[in-house]
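We have chain A; now place chain B onto it with these hints.
Line by line, the protein sequences are chains A and B. When the letters of the first sequence are read in order and numbered with the UniProt record's numbering, they come out as residues 1 to 475. When the letters of the second sequence are read in order and numbered with the UniProt record's numbering, they come out as residues 1 to 475.
Heads up, none of these hints are tricks.
No copy is singled out in the list; a pair is fine if it fits within one copy or between any two copies.
In the EDC-like style, the derived pairs of lysine to aspartate or glutamate whose C-alpha atoms are separated by at most 20 Å in a straight line are:
hint : residue 1 : residue 2
1    : K448      : D436
2    : K448      : E175
3    : K321      : E292
4    : K448      : D458
5    : K411      : E399
6    : K365      : D231
7    : K411      : E361
8    : K365      : E419
9    : K220      : E320
Simulated from the structure, these hints should not be mistaken for lab results. Treat the numbers as computed from the prediction; the structure is a model and nothing was measured.
Protein chains: 2
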Amino acid sequence: MSNHHVIHLISIVGPTNVLVGEDTQSFATDYRGVFRGQALAVVRPASTAEVSAVVAYCSQNNIPVVPQGGNTSLLGGSVPDASGTAVLLSLTRLNRVRAVDSLNATMVVEAGVTLHAARTAAEAAGALFPLRIGSEGSCQIGGNLSTNAGGTAVLRYGNMRDLVLGLEVVLPNGEIWNGLRGLRKDNAGYDLKHLFIGTEGTLGIITAAVLKTYPIPRAKCVAMLGSASADLALEAFGLLRQRLGTDVTAFELISSDAMALVLEHLGRQTSPLPTTHPWYILVEVSSTSSQEVAEASFYSALSEVAEKGMIDDAAIASNEKQAADFWLIREEISDAQTRTRGSVRCDISVPLSSIPGFIRETSAKVTAVAPSTRMVIYGHVGDGNVHFNPLRPAEMTPEDYLAQHEDAIMKLVDDAAMELNGSISAEHGVGTAKRDELLHVRSEVELKLAWSVKRALDPANLMNPGKVLPLMPTN
Amino acid sequence: MSNHHVIHLISIVGPTNVLVGEDTQSFATDYRGVFRGQALAVVRPASTAEVSAVVAYCSQNNIPVVPQGGNTSLLGGSVPDASGTAVLLSLTRLNRVRAVDSLNATMVVEAGVTLHAARTAAEAAGALFPLRIGSEGSCQIGGNLSTNAGGTAVLRYGNMRDLVLGLEVVLPNGEIWNGLRGLRKDNAGYDLKHLFIGTEGTLGIITAAVLKTYPIPRAKCVAMLGSASADLALEAFGLLRQRLGTDVTAFELISSDAMALVLEHLGRQTSPLPTTHPWYILVEVSSTSSQEVAEASFYSALSEVAEKGMIDDAAIASNEKQAADFWLIREEISDAQTRTRGSVRCDISVPLSSIPGFIRETSAKVTAVAPSTRMVIYGHVGDGNVHFNPLRPAEMTPEDYLAQHEDAIMKLVDDAAMELNGSISAEHGVGTAKRDELLHVRSEVELKLAWSVKRALDPANLMNPGKVLPLMPTN
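Bound-form chain A, shown alone:
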């Protein structure tokens, strides 16, 4: 039976692009090794037409299809379940930049183009593609779209959803929807692209996209600030935003425990600031004005923030190398946690105005449950997204800490976010890991609505089944 399927799939994409058996293992496991599945076969089409033919065949034969980009998902969205019944469809070979239009400030790229390659193609045309996330070299545009990726420049440029004008999608029955329009205004009918953005391949497979590009900023200013409290840090954000508008490109908060952890990981003695602070802020301002003009505005705004006591110290990067060095601290926090092991990773968002209270109260609750926990808290605070990742005390093993506390802490953090009308998954999506939690944080009305869309587009539930949508009593 499955051999018959494999032969047919080979007839579509050729023998070298259908993998079976052991060759499927690296695809069927996520990059952290947390989610391990089995695939009937890995199929690697090279064109939209081939994707269409594969999906049509699977639809006709009731075979589930799990699309996969760079497989950098954190929540299991990109790997199949353990049944071994699904075709894993890798988009990696759809890797062409089809067109770049400088005047329209758009480019058309295929799903398998890596974020790095997309950014490079834009730069070659004198433009910026602004999405900025850690996995840039591996993650692919199709995955960025289907998870509505966020990252460190959302404050200025928005999430991936905001960076796309049109899509090409292979629908669950194999039909191709060509919605590759590069228009900033288009109200001629339902805007269907939103069905496929952030739905993790459960409604269809994105094969190409028209992305927006931006002018490359001529000026960039980066600083590390020290602040006495999250409340003051948020006030500083509000004032900088008033003074510098959307030029405030990143505003990243880092707790003292997070700073201590990453400095140790990097083998450094001190942060860019000579003394320690309860909170650090990495701020980046970018502008199309000259460096001189941008710096003058930045310094003036920083002075005001300091005079008002919102920050206690500031180190300003004096060149590109130093700026990169400041950013390295922020970017390495994730790896520092991975290496240290024993952290509970929560990716929540709340309204900005609720962030200080959330951090204060949730930290107290965690400490009450798990004393001596290190409060590794950081994130894209300018857009409300906090990575709230309690870390084991140094003297406790990762295994003991997680066994004793992980579930309780995660529930506690998620509950606190929901009480503030926040989200339990700000930018990491749902996959399988967060799927059933949606039963607790989303209303029945909302889940029924999502399922009605799912059933309308994919009545046989073959597209990335088991992801995003929790099973409901009425299913």
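Only chain B this time, still in chain A's reference frame:
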């Protein structure tokens, strides 16, 4: 039968808020008097709960529901058909600003709040709600959302879809979906709000929204430029955008025929420029920097544009009054056409890079069909949206011109836009007027997909029936 319904509706909203007979006429006709329908009754609920009860009752009794905001639609989307079977549900009494959160830069408003009231509420909190369209005083947030309104500040702030974070919606069965989340990052499940934005009330009724606000720019610069061709004007846009980034808030192109028409309408002898030009550009730059800094950048960029021959003259508004005066010229073009009568109004968009060719070739085609037509062309060129509105020669009656040429010109313009992968409705939506045109400009795959969503949410086709979605052979 209908009397029985009226009694029930009165039991929900009270006797003064159910109108029948002649009292429904002004609601059942659009403001231009072009689309005239009949309503079973006009119902004016005052709360989400009342909207829910009305819709639930209509659903149970198979009564179509036509939601209406400020009734400023141009394409018939806000009025019922002539059958007299529909309840017209006016959102006007849902007019509370529920909350303003300055630090989170959001506000929660009900659907019936006028755009003007929303802008005023934001200003009172020291913030900007940036949507800017001519009907500001009458149009309502619910209508702005359900038509994804555009206007003159899209270039900087995006369409209405980009200005909303969360929605509250009454679904076709009367259930209330509370999606009033004020989060800039939230990937916990399908982002369902996009189902209701731009779908003109065909999938549900928006009752409230969380809107984004922005810092109020401290500086504003407005200028009227003269340019020899649309190509050069577009080059000027590209360069200004490189130099000033997203501070370029509006970039409006005006043809010489459009300028002549509006000057006559305003009783003026000359534009802000002393001589005539083939094209005029109204440009506005706004910035959170000081006026001095913004002006220096603006003048420097304008000098560069002039030196490169992209523009031939520039008049810079020296104060707020003069800036308003320049804007009046742009804003009165629409009324000048209405008063003159005999114009074919097309609201198309194309990729920016295609605008000059589109204007050149389409103008030639129109002139070939209808000699001596005045080429009234204007619009938000910075976002690709051209109002291409050929106007009768002065010596021809409006009736003769439209009878002879309207259909042919409209088809010709729309065809030209579609050939360039553009849109036949950039910002005005579909309503009934453009509905059947979608059969020609959208693929069968796309229309089937839209219908599958419609059927999933509104299986009895009771929500604003006959709007947006064309009847298909398979229906």
